[in-house]
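**Q** Here is what each chain is made of, one letter per residue.
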Amino acid sequence: MIVRPSIAFSGFSGSAKDVTARQVHGRSILSCRTWPTGMATPVQLVRRASLRQISKSFQTLTPEQMAAWNTLAKGVKSKTILGEAAEISGMNLYIKLNYNRVMAGYGIMADAPEALRAVPSVVYEAAWVTPTAVIIKGVEHEEQPFKLVVRMSGGQSNGVSKGWSKTVIISPGMEEDWGDADVTKLYFSTIGVQPALGEKVFLEMYWLNTNTGVTGLDARDSITCITDEQAAIEGLTVRFRYNEDDLYEGKTSSVSDMDLDFSTGISAAFIDAVCTGGASEGYSSLYLNTAFPEEVRGPFYCVGRSTAVDGSLRVQLCLVEVKQSKNYSQVAVSTMAGNYGNPSHVFGVGIRYE
Amino acid sequence: MFVSISNNFGAGQIQFKDYQCDKYIVLNAKFTVDTGSAEYLAASRLEIKVPDLSIGRSVEVPVAIRFTDRRTIGGEQVNCDGGTVLMSKVRDKNTISIERHPLFDNKGVVTIIISAMYATLNNGNPPQKMQRTMLRIQQETQYLNMTDSSYFVADEHWVFICLCYSECQHAYKKQPWEAALVNFPTDAAADVAFIGGVNGYNPKVSGMSEAHIENGVFTMQERMYNFCEGYPKPFVFAFIVRDSQ
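As given, the protein sequences belong to chains A and B, one line each in that order. Count along the first sequence starting at 1, add 740, and that's the number in this note's numbering. Count along the second sequence starting at 1, add 2, and that's the number in this note's numbering.
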């Protein structure tokens, strides 16, 4: 925490108990040492350990690498302190950028990037919080190396107007999924409790350049938790897409890594899946508990290519049938023509027909 | 119709027949690639720069790649052509990207046939279905048959055709084929890959032949040696742009 110094402290530098005074370009800056409050969560412990690891790793850099970080830092301004932009040291820049990268699952970069290019701002249409879904819609796509960082708070009283200091990282770096950032599972696993109806949730999002660790300006929003029905009325549309998250255990599935998506907006379905063959070599099935609505049931054809360990790339024509039984739903993939290969990567767009 | 601006694998200008809208594009193209060229071998993906497309990205869809392999076996010329499908997508508004698979490195000049629908996702509309028409073929001498998995779906701007070979009278197996596709739109024309036939000389890939559809007529000059034998049978899976769209 940084405090405005009294005139009596002018010219001082050094530490006394929890207060540190330093001189920066003729300005006196006092810092009060801060301590974490409350018990640290496992996520916080991981992040603190990462910071320590990154901080220590700076000492292992070569003098040339350190010099490059110092040179890069000269052109970078940190957040303003008391109205003036503060400078940042090479080490602090190294820690800051690498922390962003490590949080997003990337390794520590020893070499300073050649330049820190501007990072775009997040543009999105709407965000929704219901007791079962936390989703940001209409996120404008950014190419690699950008990834979306999402921070959110737990449910706050609806009277709270500024709760962004209560946000924690929900996703340290995700790719938006055709305009959606569906953070439902991440939110519930990070925050631990569902927001209650009427509670307000604070949201911050920014793009992270995963090559350099540089982040863009954050977009902020506050969203009141409403019912699923109300969200549907206000425009939250259901996207008909399926994977094997909700497997039916009563039968053995022979389709994996499936992404089955009916949101093309036309009469086409998209599938991306690996078929390993069931009782019959050219017939694979995935069984789910999730019920298929009437709209998605039915057949379409697509193409598969073998992905066998011998490197073969034989091609087959596949009939994909989306079916609903009493106890389970089923995606059945049958070889109809071509050359069957096991396993097969089935992918592409197929036209759904009556 | 449009032509490519450039590419990173040393091919010349590529001509595309297209239908484009805000949710998807349908493309037809056929071009050759020298898989031994320095440009090809240096490319991690085959990228074709094109004028602005109506979509900024797409899902990955299959496009056919075919190599020519003619051998003399027992004094007879044998067609051992093979190929597979590669993953292709619209990477951005100006780039069509195709997987480069190491299996085809230094395979000489190969042909890539694009007859694909590049779709986008999360378009909001509820899932729809189209009416399909079972495909019937008509010949003066009915020497050729297709399976009952053969059908087409006609949109105002494109046609999807799924054509599965069933059988051919012995005397015609090595002859050029011609057959009328009953009720098939006459304004859809393209070269299409006819995929299949166990390829014993190139066991890592499928047999791969080529056919042509124009004016509601299917023609096929030649086919790989095992085309008419064994199971499962060869097939065509193609999206074709209609000329009068």
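Because the hints were derived from the structure by calculation, they are not lab data. Incorrect hints may appear among the rest.
Calculated lysine to aspartate or glutamate pairs in the DMTMM-like style (CA-CA distance at most 25 Å, straight line) [stated by the list, open to error]: (1) B/Lys91 - A/Glu854; (2) A/Lys991 - A/Glu1034; (3) A/Lys877 - B/Asp94; (4) A/Lys877 - A/Glu974; (5) B/Lys175 - B/Asp157; (6) B/Lys51 - A/Glu882; (7) B/Lys91 - A/Asp968; (8) B/Lys206 - A/Asp1050; (9) A/Lys1066 - A/Asp999; (10) B/Lys51 - A/Glu880; (11) B/Lys25 - A/Glu865; (12) B/Lys25 - A/Glu915; (13) A/Lys1063 - A/Glu1021; (14) A/Lys796 - A/Glu880; (15) B/Lys25 - A/Asp1050; (16) B/Lys91 - B/Asp36; (17) B/Lys91 - A/Glu1034.
A short list of chain A residues far from chain B (calculated; beta carbon distances all over 12 Å) [as the list claims (entries may be wrong)]: (18) Lys877; (19) His881; (20) Glu883; (21) Gly903; (22) Val933; (23) Ala959; (24) Gly975; (25) Ile1011; (26) Val1036; (27) Arg1054; (28) Val1055; (29) Leu1057; (30) Val1062; (31) Arg1092.
Pair by pair, the computed Cβ-Cβ distance ranges are [as the list claims (entries may be wrong)]: (32) A/Ser795 - B/Pro205: 41 to 47 Å; (33) B/Cys23 - A/Ser996: 29 to 35 Å; (34) B/Glu224 - A/Glu1035: 42 to 48 Å; (35) A/Glu1021 - B/Gln79: 46 to 52 Å; (36) B/His214 - A/Ser996: 46 to 52 Å; (37) A/Ala1031 - B/Gly202: 30 to 36 Å; (38) B/Glu101 - A/Gln1064: 30 to 36 Å; (39) B/Gly218 - A/Gln1064: 25 to 31 Å; (40) B/Gln133 - A/Asp986: 44 to 50 Å.
A virtual CB, placed ideally from N, CA and C, is assigned to each residue, including glycine.
**Q** Would you list, in rising numerical order, the hints stated earlier that this structure does not obey?
**A** 1, 5, 7, 14, 15, 17, 18, 19, 20, 24, 25, 26, 27, 28, 29, 30, 31, 32, 35, 36, 37, 39, 40
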